[in-house]
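K.L.:
If you read the sequences in order, they're chains A and B. Under my numbering, the first residue of the first sequence carries the number 22, and numbering increases by one thereafter. Under my numbering, the first residue of the second sequence carries the number 48, and numbering increases by one thereafter.
Please note that a few of the clues may not be correct.
[As the list claims (entries may be wrong)] Below, a list of computed lysine to aspartate or glutamate pairs in the EDC-like style, where the Cα atoms sit at most 16 Å apart:
hint, chain 1, residue 1, chain 2, residue 2
1, A, 93, B, 431
2, B, 599, B, 431
3, A, 93, B, 299
4, B, 230, B, 255
[Unchecked claim] One-sided excerpt, in silico: chain B residues whose CB lies under 10 Å from chain A:
hint, residue
5, 254
6, 282
7, 507
8, 521
9, 522
10, 572
11, 574
Please keep in mind that the hints were generated in silico from the structure rather than gathered at the bench. Beta carbons: idealized from backbone N, C-alpha and C, even for Gly.
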Amino acid sequence: MNNMTDNQTINLQRRNALKVGGGLGLLALFGSLGLVGNVMAESDRKAFAAKSMDEALTAMGVIIPENSDAIKLTVPEIAENGAVVPVTVISTLANVEQISIFVDKNPNVLAASFTIPQGTESMVTTRVKMGQTANVIALVKAGGKFYRVAREVKVTAGGCGG
Amino acid sequence: MDMNRREFLQLLALASAGGFLLENGVSHAAGNVASAAPKGSVSLLHITDCHAQLNPIYFREPEINLGVGANNGQVPHLVGEALLKHFGIRPGTMDAHAFTSLNFVEAAKKYGKVGGFAHLATLVKQVRADRPGSLLLDGGDTWQGTGQAMWTRGQDMIDACLALGVDVMTLHWECTYGAARIKETEEGVFKGKIDVVAQNVKTTDFGDQVFKPYVIREINKVPVAIIGQAFPYSTIANPRYFVPDWSYGIQEENLQLMIDEARGKGAQVVVLLSHNGMDVDLKMASRVTGLDAILGGHTHDGIPKPVEVKNRSGVTLVTNAGSNGKFLGVLDFEVKGGRVAGYQYKLMPVFSNLLAADKDMTALMQKHRAPFEAKLSEKLATTDGLLYRRGNFNGSFDQLILDALMKEKDAPIAFSPGFRWGTSLLPGSAITMEDVLNQTAITYPTTTVNNMTGAQIKTVLEDVGDNLFNPDPYYQQGGDMVRVGGLEYTCEPGAAMGSRIQDMRLNGKLIEADKVYKVAGWAPVSEAARDKGGEPIWDLVARHLRDEKVVKVTTPNMPKLKGMAGNPGMI
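Required output: the full structure, derived from the provided sequences and hints.
P.N.:
Here you go:
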């Protein structure tokens, strides 16, 4: 038998704790990751404004990233809601400095970029907006080099199943 | 003993203990079904996708179930004689009738109706009597599909499954009664009796499990893990608003974690009770390790023998047990030294005339039906031809629904969902309200009229076409093509998305991308459509039928197919 009941109890406690804590806990969490109050560099601004993958990669100073098995990109095969598509990137590469997430058919292809401070676990999770079926690309900068992995996410009108 | 009964007994027979097969294959030796399982084996009984059909019905298997790309010519994309040849079934037999649409009307008259829970209960009791400790697994799509199930929010099926002795279930259409209905059942009448399992349903906020991902049950002292896989696209193929706080998906990585965890806890047999659909199951079996079998449903494929799929750690069996209460799957594992050493499998057709009705189940069914009897048995019209739905494109029952929509809504074009459930009616039959509801009973039944541009019409057809024909099964949703009335088109299933739908025409004239067309339909998935309301489809079809009195069945509107010549998924 599995220990579902224990898990459920813990989950309920966590849920209640977070409800009491409200937004404060989340803000503190983001703050510690350096996501709040960060001053955007000029290269970041260019990358986020980029309309194509080539343009974005050029702005970030990337020259043809290598595909890597050491990056795990978790996305749904078909998005439940194109407005909030969950994306998780975990990397086992050494010395990760930055994790970026792209959607190659979005009007602005760079969706998010995270700075990973030294000694931090290389895992980020967020939600991106997708207007149509596209590739989601995770780009990881580690030890000064860039690595990537891509997966297709289908955005569908829905209905007519089964 | 009459001929049908003799043939039926042979059909149900599994190999005797002496002939227990350690490798693949199913014995066709005659014998008594009740003496089939060897002592000490682990037996799993499997029903799926009965769509609430408590009473015996006719159900015609598809004459078109195309496989494209790597799936061309592969199970389950074989129909008719190609299917018979692949599985070594003799044409013209009861077995051939169970698995194909060949000579359907004549064979249906000869062998009678299929399914029905009172008859299924008798068969389950027989099979279980000789398989002590066996489990009965329900793959889902059990609570939906009839007027009665809809009006009782699945209560008739909930009670019937408890009476049948279901042990573990997973979900799809059940979700269209809303999250609360499922949880109140799981935590109420099911508690301690039926476990609901789904490793791939999580909360949208923290990703917590909504259901037990798996259960471990002992069968003859062997720990057996049953992991659940709900339909991955319940929030896309059906309205999101029924389960707003739940997130689905295939979740292959989590599945691997669950398999490894169950093995770590001592499970010697690990199976996935799946509502993925067979193509998704086959891909999953090739990528995930540690599963002895995937007992599958959703795509309604009646597959006589398991597909043995090789992966990095061994072989995973993949089965699919058909639909509408027509079959009972029986899987016996021989376990030696803590692992599976052999198996035998039989997908037993439930021929209602040849199995006595179980008295207790009959009484339960009568109790549930009584309040609705008058409404359900109302005769609306008669059909002069065969009415059926199943197949990749329009069935004749869909055509009837489309004709009703176009006439009643005064629209030149109509769409109807490509559902795979829906029973068949023989020529000369009365069409009752029950029959109409067997095609339409859903919790979002409103009829709609939309003004769509030609470009929008193409987008819809391409979108649904890709759900059916995407070469990667993980991107398929398991329904059939949207049924189309009025509009004629060419379909190239093997083409890329955006290029499959060609030469769309209305009354011979090409559809123009910018021109606006009036399109009737039903089953909208948006909240806006729900809030707007509208007449339920069954009332519209019933009104149409009362006017028509006799339905002249015409050839359904089929697209011209491109690149499919010789495809064994088509008769």
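K.L.:
If a hint holds in the structure, say so; if it doesn't, say that too.
P.N.:
Do the hints match the structure? See the list:
The hinted pair formed by residue 93(A) and residue 431(B) fails the criterion: a straight-line CA distance of about 58 Å is larger than 16 Å. Taking the CA atoms of residue 599(B) and residue 431(B), the gap is near 6 Å; set against the 16 Å cutoff, the hint holds. Between residue 93(A) and residue 299(B) the alpha-carbon distance is near 13 Å, which keeps this suggested pair within the 16 Å criterion. Using a Cα cut-off of 16 Å, the hinted pair residue 230(B) and residue 255(B) holds, with the two alpha carbons roughly 15 Å apart.
For the restraint placing residue 254(B) at the interface with chain A, the shortest Cβ-Cβ distance is roughly 8 Å, inside the 10 Å limit, so the hint holds. Because the smallest distance between the Cβ of residue 282(B) and any Cβ of chain A comes to about 4 Å, under 10 Å, the interface hint for this residue holds. This hint holds: residue 507(B) has a C-beta 7 Å from the nearest C-beta of chain A, less than the 10 Å allowed. Annotation: interface hint on residue 521(B) holds; nearest CB of chain A at approximately 4 Å, less than 10 Å.
The criterion of a C-beta within 10 Å of any C-beta in chain A is met by residue 522(B), whose closest approach is roughly 5 Å, and the hint holds. With a least beta-carbon distance of about 5 Å to chain A, the hint placing residue 572(B) at the interface is held under the 10 Å criterion. Given hint, residue 574(B) at the interface with chain A, is violated; its Cβ is 12 Å from that chain's nearest Cβ, farther than 10 Å.
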